[in-house]
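Chemist: Residue strings, one per chain:
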Amino acid sequence: MSGVHGPLVRLVLAGLVLWSLGALPAFAQAPIKIGNLVDLTGPTSDQGKDIAQGRIDAVQYLNERGGINGRKIELVSVEYGFQPPRAVAAYKKFVDNDKVLLVLGYGTPDTEALRPYITKDKVPYLSGSYSGHLTDPRQTPYNFPGGIDYTSQIRIFMNYVKETWKDTSRKPRVAFIYADNAYGRAPIEAGRLYAKEAGIDLVDEEVIPTVLTDATSQLLTMQKKDPDFAYINTNTQWVPVVLKDSYKLGLKTKYVVNNYGLDERTPSLAGDAAEGAIGIQDVAFWGDNVPGMKTLMDFHAKHHGSDTHASPYMRGWLWVIVASEAIKRAGPNLTGESVKNALESLREFDTWGLTPPFTYTNEDHRPTNRARLVQIKGGKITLLREVTVDRDMKWIGK
Amino acid sequence: MKCGGFRVSYESDERMFDTRLPVIALVIFLVVLAFVPRFAGTYWLDVLNRIGIAVIGALGLNILVGFTGQISIGHAAFLAVGAYGTAILETNAGLPFYVAIPLAALLTSAFGLVFGIPSLRLKGLYLAIATLAAHFITTYGIIHWESMTKGVLGLMVPPATLFGRPLDSDARIFYVIFALAVPAVLFTKNLFRTKVGRAFIAIRDRDVAASVMGVSLYRYKLLAFVISSFYAGVAGGLMAHHSRILFPDAFTLLVAIDYLAMIIIGGMGSILGSVFGAVFMTLLPEVLKLTATSLTGIYPQAFGAIASARDIVFGLAVILFLTFEPQGLARIWVRMRSYWTLWPYSY
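Each protein sequence line maps, in turn, to chains P and X. If you're matching positions, the first sequence starts at 1 in our numbering and goes up one per residue. If you're matching positions, the second sequence starts at 399 in our numbering and goes up one per residue.
Hint data in this document are derived by calculation from the structure and do not stem from the laboratory. This structure is a prediction, so every number in the text was calculated from the model and none was measured. We treat Cβ as the ideally placed atom computed from N, Cα and C, and that holds for glycine. Some hints here could point you the wrong way.
Said to hold, decoys possible - Below are the DSS-like pairs computed for lysine-lysine, each with C-alpha atoms no more than 27 Å apart in a straight line:
id	chain 1	residue 1	chain 2	residue 2
1	X	Lys687	P	Lys394
2	P	Lys120	X	Lys548
3	X	Lys687	P	Lys122
4	P	Lys398	X	Lys587
5	X	Lys687	P	Lys72
6	P	Lys120	P	Lys252
7	P	Lys225	P	Lys162
8	P	Lys99	X	Lys687
9	X	Lys548	P	Lys33
10	P	Lys380	P	Lys120
11	X	Lys687	P	Lys196
12	P	Lys225	P	Lys252
13	P	Lys120	X	Lys587
What the hints assert, rightly or not - Chain X stretches covered by chain P per the calculated footprint, using a threshold of three residues with CB under 8 Å from any CB of chain P:
id	region
14	694-700
15	705-711
Take these sequences, add in the hints, and give me the full structure.
Modeler: This is the structure in structure tokens:
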């Protein structure tokens, strides 16, 4: 009997061994899914197009190098037109349908709206929103703003005002100009408090529509209050509207713009009106002399060298780099919690030099307290100085 | 042998269902629906819930536009009043949701009454522009009345509680939505078997003739606005509990256009059409999104192009419907059904 069955059994066994050999790597290679939420059609598409491209490129780059711990990454991309309700639907799809490990989020209105869900579902959420409201792990343990928070930025602005103010006869006067959405308003409350603390006169606040075609009426009101400095908190494609209208009206106010409002595209968008405008820079500009830039530019040249990109493209790469480092550190046991803990283990993590080093702790989700001040001079962006703002726990979550 | 619409009494002419088959089919459908939350994941439940809400909203708009002929692009505003009304009544006055939603719907009706007044003088495009004003006034109010609505920052709505259990998941809110959507459909169906419904249709077909026949234009036009906005109020209240966060951005003019598209694609002046339109307009973006996502899984570099192609496909679908089947999905359904019932002698 055994003579008949022997070869058959051996064949089956061999088959099983072969199958398991084939199956094991296949199991190990099940891709890690990451949600990718972007706006390509809404009012922040100036950022979204490059952010999406940066994330897609960075993932492809990592996958070409064997992925993370031998597993490929799969981006599940959804475009939501900067509409919070659509982001909520996309989030439900990410978590329930795609079972993503982590989400690369996008804007402030949607990220802030999703806070309760994110905390409940324990999904690490690395957002393009740097809202200060996302920085307190006691309230939002799974939210990780992907850059220096807006509250730190508005403090940097006022520190800059104080440092450059030489007139001792009066206090400097400042104004805030911000977009009428959760993003524009995110740092304003903290800004008011900090102005008081810093001994700066906040003389005016102008709210501008998210999609801005004309800022003349707001600027005329602001002109009456005659601020020395104004802080603009909106997007790169709308800031030139403010700058141009201000130039047309001949205002003397000096403008400081937050990280999403001024980048290498501003000089060509605003022309002479951009002259002297100061920007807070969170991430390297295209072609900056930082260690990771060559990798990015080589990858870009190889795959789609004909198009051009601005700093949001670097942000796309940055967040994939940070996320992949956390996933790598989390090891084989990949859960939302382990990735969150891994993110909180980042200490002075080098983001290929694209930003100042990142540190998240379980007490503070502000990734960094450093940024650069840049100024547009002669149609070119020039580095003014590097700035640091202290990690005062008072401002956390604000 | 009786065949087709063979009716010999007023009673049979008035019947909601000609044969027993649709009744059985409907009961089976409702039973299946009741068990859906056991099997469906959050994502598809979310989609189903949005369909349920859209059905109520579309019915309301169809009563006004499809049945009474009063064009309105203020529907998003009415939804917003219902949604914010519900949320504010619950958070500020501490009312339970089953009191807050009807109250908010009544409030929306009052709102609809006010903005329906121009319909007494205006028709067609002129009325559309007047309702557009309603839309802008409402959104301005929501954005700037921050003490109540929290403006652009968004208003959080705590989960509704029923018998001490929070309705905090899509599965639980599902039952609330469908417990309102099903009666909404039946009520509308009934409405057009009454004097009021017939008055609406008479006004749509020829308002002068209707008034000569003794239909009070003043009363019935306003009543159409009141009923329509009551539906919108209920749909809005459910939206508040479904998304649990309200933004002015959730009620843009595009939402009003979407609802108009629903009843046009589904079928103007058709109850079944409102349902079909709501299903179609909610599912189409999801299907396109899923296709786009799976395609970008294969061609990640094409994400941008695919994401924008979605909007083009959407627009194209609407244009094609308007061109080739102006009477909408409801008409296609009737044609399909009669083809099979009359087969092989379809004449």
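Chemist: Run the distance test for lysine 687 of chain X versus lysine 72 of chain P: straight-line Cα separation, threshold 27 Å.
Modeler: At roughly 23 Å apart (the allowed maximum being 27 Å), lysine 72 of chain P and lysine 687 of chain X satisfy the hint.
Chemist: Between lysine 687 of chain X and lysine 196 of chain P, is the straight-line Cα distance small enough, at 27 Å or below?
Modeler: violated (48 Å)
Chemist: Can the restraint linking lysine 225 of chain P and lysine 162 of chain P be considered satisfied, given a maximum Cα separation of 27 Å?
Modeler: holds (19 Å)
Chemist: Does lysine 687 of chain X pair with lysine 394 of chain P here, judged by a C-alpha cut-off of 27 Å?
Modeler: Measuring from Cα to Cα gives roughly 42 Å; hence the hint is violated.
Chemist: Are the Cα positions of lysine 99 of chain P and lysine 687 of chain X separated by 27 Å at most?
Modeler: holds (16 Å)
Chemist: Sort out whether lysine 122 of chain P lies within 27 Å of lysine 687 of chain X, counting only the CA atoms.
Modeler: holds (25 Å)
Chemist: Taking a Cβ-to-Cβ distance below 8 Å as contact, does the region 705-711 of chain X have at least three residues touching chain P?
Modeler: holds (count 4)
Chemist: Examine the region 694-700 of chain X for residues whose CB is less than 8 Å from any CB of chain P, and state whether their number is three or more.
Modeler: n = 4 at 8 Å, threshold three: holds.
Chemist: Are the Cα positions of lysine 120 of chain P and lysine 252 of chain P separated by 27 Å at most?
Modeler: Between lysine 120 of chain P and lysine 252 of chain P the Cα gap is close to 49 Å, so the pair fails against 27 Å, i.e. violated.
Chemist: Are lysine 120 of chain P and lysine 548 of chain X close enough, with their CA atoms no more than 27 Å apart?
Modeler: Holds - the C-alpha atoms of lysine 548 of chain X and lysine 120 of chain P are around 23 Å apart, at most 27 Å.
Chemist: Is the hinted pair lysine 225 of chain P and lysine 252 of chain P satisfied, with a Cα-Cα distance of at most 27 Å?
Modeler: holds (12 Å)
Chemist: For the pair supplied as a hint, lysine 398 of chain P and lysine 587 of chain X, confirm whether the alpha-carbon distance does not exceed 27 Å.
Modeler: violated (52 Å)
Hints 1, 4, 6, 9, 10, 11, 13, counting from the list given before, are not met by this structure.
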